[in-house]
Amino acid sequence: MINKINKEIKLFISSIDGIEKNSVSEICEKFKTSISESLKNGHITTNVCMIAGSILKSNPKKLATDLHKRISDLKIFENVDIAGPGFINITLKREDFLSTLNNIYEKNVNYGSSDFGEGKKVQIEFVSANPTGPLHVGHGRGAAYGDALSRILKNTGYEVEKEYYVNDAGRQIDILTASVIIRMLKKELNGFFPQNAYRGEYIEIIGEKFGEEIRFNEASNLINNLPSDAEDEINEIITSLKTKDLMIWNKVKNHSLSIIVELIKEDLSNFNVLFDEWFYESSLGSIKESNSEISSSITKLSKDGIGYKKDGAIWLNTESCGDDKHRVLVRKDGRATYFASDVAYHKNKIDRGFDKLINVWGADHHGYIKRIEASVEALGTSKDKLIVKLVQFANLFKKGKKIKMSTRSGDFYSLKDLIDDIGADAARFYYLSKQADQHLDFDLDLAKSDSKENIFYYIQYAHARIFSIEDKYKKTTKKQIASKTDIKNNSYSKCDELIHEISKFPNLVLKSSNSLQPHLIVFYLRDLSQLFHSFYNDNHVLSESEENIELIMFCLGGVKQTIANGLGLLGITPMKKM
Numbered sequence: 000m001i002n003k004i005n006k007e008i009k010l011f012i013s014s015i016d017g018i019e020k021n022s023v024s025e026i027c028e029k030f031k032t033s034i035s036e037s038l039k040n041g042h043i044t045t046n047v048c049m050i051a052g053s054i055l056k057s058n059p060k061k062l063a064t065d066l067h068k069r070i071s072d073l074k075i076f077e078n079v080d081i082a083g084p085g086f087i088n089i090t091l092k093r094e095d096f097l098s099t100l101n102n103i104y105e106k107n108v109n110y111g112s113s114d115f116g117e118g119k120k121v122q123i124e125f126v127s128a129n130p131t132g133p134l135h136v137g138h139g140r141g142a143a144y145g146d147a148l149s150r151i152l153k154n155t156g157y158e159v160e161k162e163y164y165v166n167d168a169g170r171q172i173d174i175l176t177a178s179v180i181i182r183m184l185k186k187e188l189n190g191f192f193p194q195n196a197y198r199g200e201y202i203e204i205i206g207e208k209f210g211e212e213i214r215f216n217e218a219s220n221l222i223n224n225l226p227s228d229a230e231d232e233i234n235e236i237i238t239s240l241k242t243k244d245l246m247i248w249n250k251v252k253n254h255s256l257s258i259i260v261e262l263i264k265e266d267l268s269n270f271n272v273l274f275d276e277w278f279y280e281s282s283l284g285s286i287k288e289s290n291s292e293i294s295s296s297i298t299k300l301s302k303d304g305i306g307y308k309k310d311g312a313i314w315l316n317t318e319s320c321g322d323d324k325h326r327v328l329v330r331k332d333g334r335a336t337y338f339a340s341d342v343a344y345h346k347n348k349i350d351r352g353f354d355k356l357i358n359v360w361g362a363d364h365h366g367y368i369k370r371i372e373a374s375v376e377a378l379g380t381s382k383d384k385l386i387v388k389l390v391q392f393a394n395l396f397k398k399g400k401k402i403k404m405s406t407r408s409g410d411f412y413s414l415k416d417l418i419d420d421i422g423a424d425a426a427r428f429y430y431l432s433k434q435a436d437q438h439l440d441f442d443l444d445l446a447k448s449d450s451k452e453n454i455f456y457y458i459q460y461a462h463a464r465i466f467s468i469e470d471k472y473k474k475t476t477k478k479q480i481a482s483k484t485d486i487k488n489n490s491y492s493k494c495d496e497l498i499h500e501i502s503k504f505p506n507l508v509l510k511s512s513n514s515l516q517p518h519l520i521v522f523y524l525r526d527l528s529q530l531f532h533s534f535y536n537d538n539h540v541l542s543e544s545e546e547n548i549e550l551i552m553f554c555l556g557g558v559k560q561t562i563a564n565g566l567g568l569l570g571i572t573p574m575k576k577m
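Here numbering that gives the first Met the number 0 is used: position 499 in the sequence shown is 498, and no number is missing along the way.
In case anyone wonders, no lab produced these hints; they're calculated from the structure.
Note that the Cβ used here is the ideal one computed from N, Cα and C, for glycine as well.
It is possible that part of the hints are untrue.
Subject to a maximum C-alpha distance of 16 Å in a straight line, what follows is the list of computed EDC-like cross-link-like pairs (lysine to aspartate or glutamate) [stated by the list, open to error]: (1) K510 / D114; (2) K382 / D444; (3) K369 / D323; (4) K6 / D114; (5) K299 / D310; (6) K397 / D383; (7) K397 / D440; (8) K382 / D341; (9) K398 / E469; (10) K250 / E211; (11) K185 / E217; (12) K473 / E546; (13) K382 / E318; (14) K575 / D470; (15) K39 / D495; (16) K74 / E105; (17) K576 / E469; (18) K252 / E280; (19) K355 / E117; (20) K400 / D440; (21) K397 / D420; (22) K252 / E288; (23) K185 / E203; (24) K400 / D442; (25) K61 / D95; (26) K384 / D350.
Distance windows between CB atoms, simulated [as the list claims (entries may be wrong)]: (27) R525 / F278: 10 to 20 Å; (28) L10 / G361: 41 to 51 Å; (29) R170 / I204: 16 to 26 Å; (30) K60 / S13: 15 to 25 Å.
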């Protein structure tokens, strides 16, 4: 119906005396026709006369009067009103209003979907935590956000690929490998453990699973005369271990990495997050290999004059995108920086032909955006192809106390602990309950409570309650839920607010997709559930007349399907019983 109204509006705009083509285009681009917030403003509202008045320097009320006549003369609406300074509010005929329910039953699980994305290819890279230990609860918010976003984009017509970037090269993996080896040598080293090594039971378990005993001649020499500084200490231990036996070092490194990546995959699977691709940083090759992806990227930047040599190092000019200084790609000692790997990785992603690249990063990476944008532009692609979404870490509280999230110390609450404690669905819901770039305080005790303050419970209870009502209805009447023919002219109006609310769902999903904001669906489901519970508390559903009950049950089935579809977009399973 909105498309039909917009067609008339565009014809009206084009017919205004003396209007120029560019003005028509500007008005058509800016005006909005949407389902009204409240039934007080009819079913559909448009601000086109306000927009046109501003652009054409005309009186919006005069434009509204002319448009009102044009739409009224169609004689296909119950009522057309002019409101305020120039809004047009439209009330549908009863049969057209109730057709929303028919649409839901016809589309079923696809209600809310669209082909807006037209099959454009989108890659979303998210989580990508260093594989140095199990995922902690701080990683959970990015996992929930990235996965929900991929579901929403797929639902609106995009072809989506989810990718985890495995940082399996560099210093953190060296520290992990050293941590495992030193733990395996704890007897020979009298329990010594470096200050900056990774701790936790998982380090010992990795060592126990290695399958062979590690022996070093004069192992105690590894810890003789170590520097007092924690960073210098771990650096010297890493160097010594590599020097003593590089074969053992690489075996332990690969073994440790394999176990931790499998742990991460298992935790994410239990969190209902599955990736299409696991891209390993090491696959980009070494700067020492002339044909590696990392070398090729730096060579291209240097040839194009954006990469340059200075003081023995290779730099990238990133000022074009607003970065505050130039960035080092290759250090003067010949070692590539993390930034060089990221440049090569983004070139790889660009070369794979995606229309959009979405990076989901922790908020602490804010300062990194400009340099990555600059590298994308330097590689010959518009920075507009790249979208970076920042996710604030969530603060989790249990019994009023903040939960620790440090992997290095070994004393932390893992994502697995969270799933075991409150379930994957409740965890995903609360991670998504607020805009991703805003701070989130997550109360685990509230998430497990059976109260309406627990929004997750409140929404699931609405879905389960409708299942219960349907079950009682079928047992009482021995009838199936009514069909669209049975209810098309029903005048019972107490369901109208619910019908109006569920009619907003497809536009809400599209808005969530366009803005990359899954929390809008959480807010919508909260409001819809509140409306349903109020309706249920105010009306004796199964005591109504047979004709009215048919409409009520048809309506509640639509509400149930809308809640289920909304939860599905968040990666959450709707409950049939509580």
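Verification of the supplied hints:
no.: 1; hint: K510 / D114; result: holds (14 Å)
no.: 2; hint: K382 / D444; result: violated (43 Å)
no.: 3; hint: K369 / D323; result: holds (9 Å)
no.: 4; hint: K6 / D114; result: violated (20 Å)
no.: 5; hint: K299 / D310; result: violated (20 Å)
no.: 6; hint: K397 / D383; result: violated (41 Å)
no.: 7; hint: K397 / D440; result: holds (11 Å)
no.: 8; hint: K382 / D341; result: holds (15 Å)
no.: 9; hint: K398 / E469; result: violated (38 Å)
no.: 10; hint: K250 / E211; result: holds (10 Å)
no.: 11; hint: K185 / E217; result: holds (14 Å)
no.: 12; hint: K473 / E546; result: holds (15 Å)
no.: 13; hint: K382 / E318; result: holds (13 Å)
no.: 14; hint: K575 / D470; result: holds (11 Å)
no.: 15; hint: K39 / D495; result: holds (12 Å)
no.: 16; hint: K74 / E105; result: violated (27 Å)
no.: 17; hint: K576 / E469; result: holds (12 Å)
no.: 18; hint: K252 / E280; result: holds (15 Å)
no.: 19; hint: K355 / E117; result: holds (13 Å)
no.: 20; hint: K400 / D440; result: holds (11 Å)
no.: 21; hint: K397 / D420; result: holds (11 Å)
no.: 22; hint: K252 / E288; result: violated (21 Å)
no.: 23; hint: K185 / E203; result: holds (10 Å)
no.: 24; hint: K400 / D442; result: holds (9 Å)
no.: 25; hint: K61 / D95; result: violated (29 Å)
no.: 26; hint: K384 / D350; result: holds (12 Å)
no.: 27; hint: R525 / F278: 10 to 20 Å; result: violated (36 Å)
no.: 28; hint: L10 / G361: 41 to 51 Å; result: holds (50 Å)
no.: 29; hint: R170 / I204: 16 to 26 Å; result: holds (23 Å)
no.: 30; hint: K60 / S13: 15 to 25 Å; result: holds (21 Å)
Violated hints, listed in ascending order, are 2, 4, 5, 6, 9, 16, 22, 25, 27; each of the other numbered hints is respected by the structure.
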